[in-house]
Amino acid sequence: MNPMTTTSSTSATTTDPAARQIGGGKVVEELQVSRFAPFRNTAITVVNLGIFFVIWEVVARAEVLNPLFFPRISATFEAMYTGFRDGVIAPQLGHSLSNLLIGLLISAAIGIPVGLFMGASRTADLILSPYVWAMTSLPRVALIPLLILMLGFGNGMQLTIIVLSAVFPIMVNCMAGVKTVDPSLLRAGRVFGAGRGQMYTKIILPFTLPFVISGINQGIARGLVGMLIGELLGGGGSGLGFLLDRAGDQFDAPMLYATLLILAVMSVALVQLMRWLERRVAPWRDVAA
Amino acid sequence: MAHTAAGAQLQIASHSGAEGGSGGGRSSVAPGPASDPVIVARSVTAGYENRRTKTRLIALRDVSLEIQRGEFLAIVGPSGCGKSTFINMVAGFVRPLEGTVEVDGQPVRGTGSDRAMVFQDYALLPWRTVERNVLFAMENRRNKPSKSEQAARVAEALSLVGLTGFEKAYPHELSGGMRQRVGIARALVTKPDILLMDEPFGAVDAMTREAMQAEFERIIAQTRQTVVFITHSIDEAVMLGDRVVVISNRPGTIKEVVDVDLPRPRLTGDAKGSLRFAELREHIWSLLQDEALGAQEAK
Ligand SMILES: Nc1ncnc2c1ncn2[C@@H]1O[C@H](COP(=O)(O)OP(=O)(O)O)[C@@H](O)[C@H]1O
Ligand SMILES: [Mg+2]
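Chains as they are written, first to last, in the working numbering: chain B, 7 to 295; chain E, 18 to 316.
Because the hints were derived from the structure by calculation, they are not lab data. Note that this is a predicted model, so its numbers are computed, not measured. Take the hints with a grain of salt, since some may be wrong.
Said to hold, decoys possible - Reference listing, derived: stretches of chain B covered by chain E, where coverage requires no fewer than 3 residues with Cβ under 8 Å from a Cβ of chain E:
1) 44-52
2) 196-205
Stated by the list, open to error - Sample of chain B residues at the chain E side, in silico, Cβ under 10 Å:
3) M86
4) Y87
5) K208
6) I209
7) P212
8) L215
9) G243
10) P289
11) W290
Stated by the list, open to error - Covered by chain B, per the in silico footprint, the following chain E stretches (three or more residues, Cβ under 8 Å):
12) 142-149
13) 183-191
From the three backbone atoms N, C-alpha and C, an ideal C-beta is built for every residue, glycine too.
Please put together the full structure from these sequences, using the hints given.
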């Protein structure tokens, strides 16, 4: 049972050179890894950012660039702090985040099944492809006037533009996943008696899962752009895009930069979350590459 | 090397002792005059249609072949001569354009639990551990054994191929040779009558390959399954096969069926050093060389 205690019989039955032990009679050896190793990358990032902010502060104080559009980093953090304290930022951040998340959920709920269906059925692909590709390549901004005409300046318009931005990359990736399933895995499925349903649940869907995730990844990036477009051009008076717009109008550079920083943190966090998820659901991809 | 092989032999000897009784009538069947064909191909022609160029490529032409129960049939031939096409027809992936392929007297209509396959590229599910990959061969069947019986069979198949201790590993954590052992365990676990192998050791390095041939000869001596084994190595065909089918260039036809009258076990014995081995190998080599020359003249 326990591979550690049965090393003698393991080595007797194993003729594969790669399976032989390196030394010490054990198949699996403990490696000596520093306790601080996991924190090294974080430490590097912190130091890196620290230096970046210091240089920023120095350059801004020297007023090489017009402080009207290049504020000191300290002023930026101060604007962020007071913004949160006075309840200026939080509601807008909440509005944007919830819009983005709801939009992504709707996009996934539409994009994943439709994409899988397009991958599985040639007919569906033939019928839907022209529209999907047209929508994938069309710049989202072009739709704003039409959407405002149809939906006004409300939240519905903002949500729609997010969904329209995110749904197609998700769809296209899911379709690609199903279409690129390794044919010899499909043969193995048939040889070992998998029926139609089992082919989907045991081979096609697991194979497609990493594609779904990278689709959602692209969906997040596009959805974020859609969110900002909707908030900046839609003039709905809410969201981070609105904060940007207003700060610009009021020549409030620290607030403008503070909002940009929040946006950056938000998108990095979302991307990191998806990377983590990708490693969790498809650990074999990490090493196989 | 020699020590390891002997160790493996010992372990299996006790294993086969426990299994001896269940062999039943099959254990007495040996390839030879007693004819009990299990796979029969009658004047089979097979090919592939290309809709774009509106052409049909004939891969195999008028192939007739009887494979006996318990026989180890090796197939060699130049690449592209239709070896895979033949084995895929027996597996049920490809249909003949003309003629019939029968297994146990029934025309092949699709895949079936009486036939298992070992793939050249392993075809393991990368998201499943070793044991769950082997389990895959059983869990889809309608009349599958109980959970505990399944687990016992998986453990048995893994010990047969020498992978005990690697149950929880993922395919990407294993070497090529070990991956193919998982593929073999998966094919063996349901004890199918027929084992179809399409260049199973083709992607494995030479050293590992020889070790795996020896292991495989030992396993088959025990299970007495019917094996159809494609290879592009003449040595491998002669070492493993009861008969070697030599297929000619496109469109593939059977050029000759060579009986291999070397005593078994061959890989643990010194068959490779024998004069007869050299003769057979030379003979098949000259047959294939004709093919290679013929192909060049055709151009
Ligand atoms: N799915 C397929 N579609 C079209 N042509 C194929 C297909 N599979 C094989 N062929 C062609 O049929 C011929 C025989 O192929 P194959 O049976 O794979 O040969 P071998 O296994 O002996 O190398 C080759 O010329 C190959 O290009
Ligand atoms: Mg082939």
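| query | Among the hints numbered above, which are violated by the structure, and what are their numbers in rising order? | reply | Violated hints (numbers, rising): 1, 3, 4 and 9; every other hint is consistent with the structure.
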